[in-house]
Amino acid sequence: MGKAETYDMFEVEARRGADGELGVSVKKGRGAKKKEKLESMKKEMDVDDHTLSVEDLEIKYSTSVRKGLSGGLAAELLVRDGPNELKPPRGTPEYVKFARQLAGGLQCLMWVAAAICLIAFGIQCSQGDLTSADNLYLAIALIAVVVVTGCFGYYQEFKSTNIIASFKNLVPQQATVIRDGEKFQLNANQLVVGDLVEIKGGDRVPADVRITSAQGCKVDNSSLTGESEPQTRSPECTHESPLETRNIAFFSTMCLEGTATGIVINTGDRTIIGRIASLASGVENEKTPIAIEIEHFVDIIAGLAIFFGATFFVVAMVIGYPFLRAMVFFMAIVVAYVPEGLLATVTVCLSLTAKRLARKNCVVKNLEAVETLGSTSVICSDKTGTLTQNRMTVAHLWFDNQIHTADTTEDQSGQSFDQSSETWRALSKIISLCNRALFKGGQDAVPVPKRIVIGDASETALLKFAELTVGNVQDYRERFPKTCEIPFNSTNKFQLSVHALEAELGAGAGSRHVLVMKGAPERILERCASILIKGQELPLDAQWQEAFHTAYVQLGGLGERVLGFCHLYLDERQFPPGFAFDAEEPNFPTSGLCFAGLVSMIDPPRATVPDAVAKCRTAGIRVIMVTGDHPITAKAIARGVGIISEGSETVEDIAARLRMPIDQVDKRAARACVVNGGQLKDMEGEELVETLKMHPEMVFARTSPQQKLIIVESCQKLGAIVAVTGDGVNDSPALKKADIGVAMGIAGSDAAKNAADMILLDDNFASIVTGVEQGRLIFDNLKKSIAYTLTKNIPELAPYLIYITASVPLPLGCITILFIELCTDIFPSVSLAYEAAESDIMHLKPRNPRRDRLVNEPLAAYSYFQIGVIQSFAGFADYFTAMAQEGWWPLLCLGLRPHWENHHLQDLQDSYGQEWTFGQRLYQQYVCYTCFFISIEMCQIADVLIRKTRRLSVFQQGFFRNRVLVIAIVFQVCLGNFLCYCPGMPNIFNFMPIRFQWWLVPMPYGLLIFVYDEIRKLGVRRHPGSWWDKELYY
Amino acid sequence: MWVLLQTVDPHMPKYQDRLATPGVMIRPKTEALDVTFNVSNTETWDHYVKMLDEFLEPYNDSVQAATNAACRPGRYNEQPDDGVPNYPKRACQFNRTQLGPCAGRTYGYGDGRPCVLVKMNRVINFFPGDNKTVSVVCAAKKEEDVAQLGDLALYPANGTIDLMYFPYYGKKVHVNYTQPVVAVQFLNLTANVDHNVECHIRAANIRADDERDKFAGRVAFKIRVNRN
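Top to bottom, those sequences are chains A and B. Numbering-wise, the first sequence is residues 1 to 1034 according to full-length UniProt numbering. Numbering-wise, the second sequence is residues 1 to 228 according to full-length UniProt numbering.
Incorrect hints may have been included.
[To be verified] Calculated Cβ distances over 12 angstroms to all of chain A for the following chain B residues:
#1 T30
#2 T97
#3 K142
#4 G170
#5 L187
#6 E211
#7 K214
#8 R227
[What the hints assert, rightly or not] Pairwise CB distance ranges, derived in the manner of DEER restraints:
#9 B:E54 with A:V314: 48 to 58 angstroms
#10 A:I140 with B:D194: 49 to 59 angstroms
#11 A:N977 with B:A157: 33 to 43 angstroms
#12 A:L136 with B:N131: 30 to 40 angstroms
#13 B:E31 with A:V314: 40 to 50 angstroms
#14 A:L822 with B:N158: 48 to 58 angstroms
#15 A:E857 with B:D209: 25 to 35 angstroms
Simulated from the structure, these hints should not be mistaken for lab results. Every value quoted in this text rests on a predicted model; they were computed, and no experiment measured them. Glycine included, each C-beta is placed from N, C-alpha and C at the ideal position.
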C-alpha cells in the first residue's frame, strides 16, 4: 500500500524530461533540515493521482467509488494523518520575540551602560555615599529607553505576523461523504484520504479531490491559479500537471455549479493550498532595505562607541583613575555617542509616511515597507485583478469583414463603433437572445458594468455588452420568448436557442421562429452556409472563409476569447407557431445557418495601469508580469499596459517577422520575452537569472506559486529590490518572499493580504507609484534626519574627552544628554520627514542598495567633523564663559577636576580668591550643563535649517514652507526654556536657570554653521562631480 | 571665546549667583571632619597642632602689625575706589592673641581641652549681618548630647566676627586680607565618646538651614577625646 511513502511531505519526485515520465523518487528523512524542506516545497507539486485510473485509485486508497471507505479504516486514517485542517505553524514564542527586540546592537550597548551605572551606584552606596543618585537615575532612564523602544518594535512585529489565521477560515464546515455505502454529513475536518465525497454548486471543496464522476461541475480556481474563468471539472485526466488537469478539485476552492463525486487524495497541510500556506509561512520575511541600512548604521555606531569608550577607559586607567571611575567614563561615552533617539525618530518618520499613504488608499502593515517601496527596482505584478479589471469584457467584434473595437474602459468613457449596419442589428440580436445570463434584480440604479450577473464570465460579458449597446435586454428577451434551448457543453461546443418572433417584426417573410447559436468559431463556421455582409446573405465561399480565418487568428493573437455567432429564420410552414421543438433530439436544422460575426472578449487592463507602468519606467523601475494565465493573453495585456513597450519584440515575434526558425534568432535582439511555466520548470536557476538579465521586458505566464517564488528570488539574486503585487492565495508565498509584498484590498484573498506588507485599498496599481514616490522621499528625508541627529553626538562626546584629558569640571552631564536625545531634538528631526523633495525624485533611478547607503561616509564625516565640531566649539565657548563669569577662569579650570569633585573640600578658591563649598560648585556644574545644553540647542536650530536641503540653498527651498519644522523649532525653544526655568529642575534633572547672556553666546556659531553649509551647497551645485561634490555631498 | 574672555573683569567676578550664602569650614581639617585623639599619646594630636600652627602663621601679631591696619571695630570697612579703578585695599588686623588659649602651644590638645577654629568662606563684596553683629554658635547636634559635650569657650568673646573684616575685595586688590576666625574650645568633653558638633553663623542675611548644601552657613564635625 505504501501509505507512508505516498504521504511523506518531504518526498520529491524527480521528473525526467518534459514528457512527464516519472523518475526515481528521492526520500528525505524526517530529520531533514527545514531549509531542505523549503527547497523541496519550491519544486513542483508531486501529486500523480490524476494520472491513475479509478481502479488503481481504489486499490491505492483501499476504497470504493460506490461505497467509500469503511468506517473503521477511516477512523484509523484519521488517527494517522490528523484532522483535515491547516495547522498553524509553530512560531517563535512571544517572549523570545520580545527578548529579541531588547537585544539589538544599540540596545545591548545601552544595557551595558545601564549595568555600569547600577554597579557604580551600588559601590557608591556601599561606601556610604548617598549624595548622588545620578547613576541610579541614569540607569533607570537608559533601561526605560530600551524597554519602550523594544515594546514599540514588538508591537510592530506582532501586527504583521498573523499569516496563518486566514487560512483557518478557509476550512469548510460540512462535507457530504459516503462511507460503508451510506451517505451522511460530516465535519470537513474529519475527512481522510480515500473518502468518497460529493460536491455540489455553492460548496467549498473540502479537500483535494480526484473527481470520479461529474455533471457540469465548474470550480473557481482564481485564488489558486489566478485564472479568472471558472474551470470545468470532469473525471478525465487532461494534463500531466496536477494544477491544470481537470480531474482534481482543490481544497478551499469554490464549486460554482454542477455536482461531482470524488475520492479525497490529500487532506490538511498536505493539500495543495496547505502546501502553499506552509510555503508562505516557511518563507522567511526578507529584511527590508531600511532595516539593513539601520543595522549597518548601528554596527558602525556601536563599533565607534565601544572603540571610543574602550580607548578612554584605557587612557583613564593609565592616567591613574580608579577602576570604577574609568568604568563610569566608559559608560558616559557610550551614552554620549549612541543616538538614543534615532530609532524613535525613524519609526515616527515612517509612521507619518504610512499615514500619508493610507490617505491615498495604501495601507502599510509593516512600517519599514514604506521605504522599501522607494528603493524598489523591480515590480513583479500579477495580472488578473491587479493590472486588469478581473472582469471579462467584449473587446472586439468582427462583422461586415471588419474588426470593430468595443469600449472596454471601466466607466464606458471610450469610443464606440459604428452601429448602423444591418449585420450589427442581427448580431446584437443573437448576442442578446442566445444568452442565459441574468442581471440580479433590484440593480437599476447601479451602472451596468458594476451590476451583479448570474451566469458565467463570457455570458456576463455579452449580457453587459448588449445592455450597454442595445438597451434593455430583459425587455428584448420578453418580446422574443424562448421556445427551445440546447445549453453549452464541451462536446458540441455551442449553445443554441429558438425564439418565437412577433408577427410584425418577422424579418424573413413567412417566418415565425428564429434559431440563434453561438459557440467556438470553427464549430459555428462548420454549420454555416452563408454569411451576412451589410445585411445581405452571401454564400460562404472560400474567400469569406479566408477572411473569417484571418480575423479569427488576429483576434486570438490579441489573447482574446473568440466566439462565433450565427442565426437562421425558420420556415413558417415547416415550423408553425406552437411547434414543439425538441432539444434532446433536435427536430430542426442545426446546420446551413447564416454566419453573423465574431465577438471577442478579454479581461481588459485597468484604465490607470498604462500610465502607472510608464511612470514606473521613468522612475527606473522594471515591471515584470507574473501570471497564472495563458501566455497569449498575458502577452496581449502586457502590450496593452506597456509592460512590453511598443516596438519591442519577443524572440518569437522576430522569428515570425524574419521567417526563420526560432533557434536561429539572436536572443539578444529581443527586448521582450514571454516565458511560460513549462519552460520555467526546465530552466536552471542560473538560466533564469541570465534570461532576466538579457530581456528588459519580461512576462511569465502559466506560473505556479512555487515558480513565482523562484522568479522573485532570481530577481533578488540580481541585486534588485523586488516588489510583488498580487491578490490570490497563489501569490502569497511570493508576496512574503518579496522585499515588499503588495496585496489588493478589494479583490485580494485574506492569505494574500496577510502575507503582504502593504495593501492597496482601491486595487489601483497606480497607487504603487504614489508609494514609490513617498518611499523615495522618506529615504531622502531620513538621511537628513539622521544627519541632524548624528551631528550633536560630537558636542555630546567632546565634553567627556576634554573632561578626562584636561580634567576640567564636567561640562555636560549624562542626563542632560538624554534630554537632548530623547526630548528636545526629537521634534525637529521628525519634522524633517515633512520636508518637500528637492528635485523630481520620480525621474531618478532607484537607489542602488549596495552603493547608496542611508548613512555614507560624507554624511558622517561632514556631520561629525565639521558641523559637530563647530557645535562643540559653541558649547565650550558657552561653558568657559559661564565658568569665567562666575569666577573660574579657563586656565584655572584645566586640571581642576580632582579638587572640584572633592566632596570634602568645602573652601576651594576660585580665580578671585573666593571660597566655594562643594554644593556651590555642584550647582555651578549644573549651570555649565545647562549652558552646554542651550548651546547645542541653538546650534541644532541652525543644523535643522541647513538639513532642510542637501543640494539646494535653503533660500530656494523656502524657510517657512515646512510649517511643521517651524513649529518644531519653536517647540524646541519652549522646551529648552521650560527645562531651564521650571522650578525644581536643578535637583531633579540638573538644569539650572541660566542667565540670558549665555543664550546669546552660541548664536554666532549657529550663524557660522548656516553660512558654512550654504557655501558647501553652493560648491556642490556649481561643481557637480568635482572633489568637493564627492566629499561633501551626502 | 577670546572676545568673551576679554569681557571678564580680572578683579571682580561678573556674577556670584552661587555664593549667596558663604560656606563654613573648620581647622584642623581632615577628610571626614573628624577630630579624634588620645591625650596621653602625643603622636595622635601632633598633626592637628601642626595644621593649626601653619594656618595661624599669618595671624601672628608681628605679621599683622607689619602688613595690616588697625580698623575701627563694629562697622564695615568699606574702601570705595574714588575714581581710581581697582585701587589696592588695606586689610584689617586679626591678631592671633585674640584667640586666647587657642592661640598657640598645643591649642589645648595636650590637656584634653581641644580648640577648633571656625572660619567663614571669603566672598567678594559680601556684607554679612546687615550691620548687626555676626557670631559663631556651636552646639551638640542632638539636644540630649548637650550635657555630655560640656562647656564651650569661644574666642574672640561670644564668638563674634567683627564687621570690620568685611567686605572682601578679591585677592588682586585686597592682598593681605586676613580671614577672621572663631576658636571653639571644648572645656570638659566626656572622654571616649563621639561628639557631633554643629557650628553655624548667626547673622541676619545668612541662612544656615540649606537642605542640600550642608556647609552653607554652617559646619558639622565630630570630636572625640580618648583617655586611658
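*Distance restraint evaluation - E31 (chain B), V314 (chain A), Cβ atoms, bounds 40 to 50 angstroms*: Since the Cβ atoms of E31 (chain B) and V314 (chain A) sit about 29 angstroms apart, the hinted range of 40 to 50 angstroms is violated.
_Over 12 angstroms from every CB of chain A: does G170 (chain B) meet that, or does the non-interface label fail?_
violated (5 angstroms)
*Is the nearest CB of chain A more than 12 angstroms from the CB of R227 (chain B)?*
R227 (chain B) is indeed farther than 12 angstroms from all Cβ atoms of chain A, at 28 angstroms.
*Does the Cβ distance between N977 (chain A) and A157 (chain B) fall inside 33 to 43 angstroms?*
violated (52 angstroms)
*asked:* At 12 angstroms, judged by beta carbons, does K214 (chain B) keep clear of chain A as stated?
replied: violated (7 angstroms)
*Please test the hint of 25 to 35 angstroms on the beta carbon pair from E857 (chain A) and D209 (chain B).*
Check failed, 58 angstroms falls outside 25 to 35 angstroms.
*Evaluate the condition: distance from the CB of T30 (chain B) to the nearest CB of chain A exceeds 12 angstroms.*
At roughly 8 angstroms from the nearest Cβ of chain A, T30 (chain B) sits no farther out than 12 angstroms, so the non-interface label is violated.
*Range hint 49 to 59 angstroms: satisfied by the CB atoms of I140 (chain A) and D194 (chain B)?*
violated (36 angstroms)
_According to the definition I'm using, a residue is off the interface if its beta carbon is farther than 12 angstroms from all beta carbons of the partner; does E211 (chain B) meet that for chain A?_
Its Cβ does come within 12 angstroms of chain A, the nearest being 9 angstroms, so this is violated.
*Lying within 48 to 58 angstroms: is that true of the beta-carbon distance L822 (chain A) to N158 (chain B)?*
Taking Cβ atoms as reference, L822 (chain A) and N158 (chain B) lie about 56 angstroms apart, which means the hint holds.
*K142 (chain B) remote from chain A - nearest C-beta pair above 12 angstroms*: The claim holds: K142 (chain B) sits with its nearest Cβ about 20 angstroms from chain A, beyond 12 angstroms.
*Grab the minimum beta-carbon distance between T97 (chain B) and chain A and tell me whether it stays above 12 angstroms.*
holds (24 angstroms)
The structure shown violates the earlier hints numbered 1, 4, 6, 7, 9, 10, 11, 12, 13, 15.
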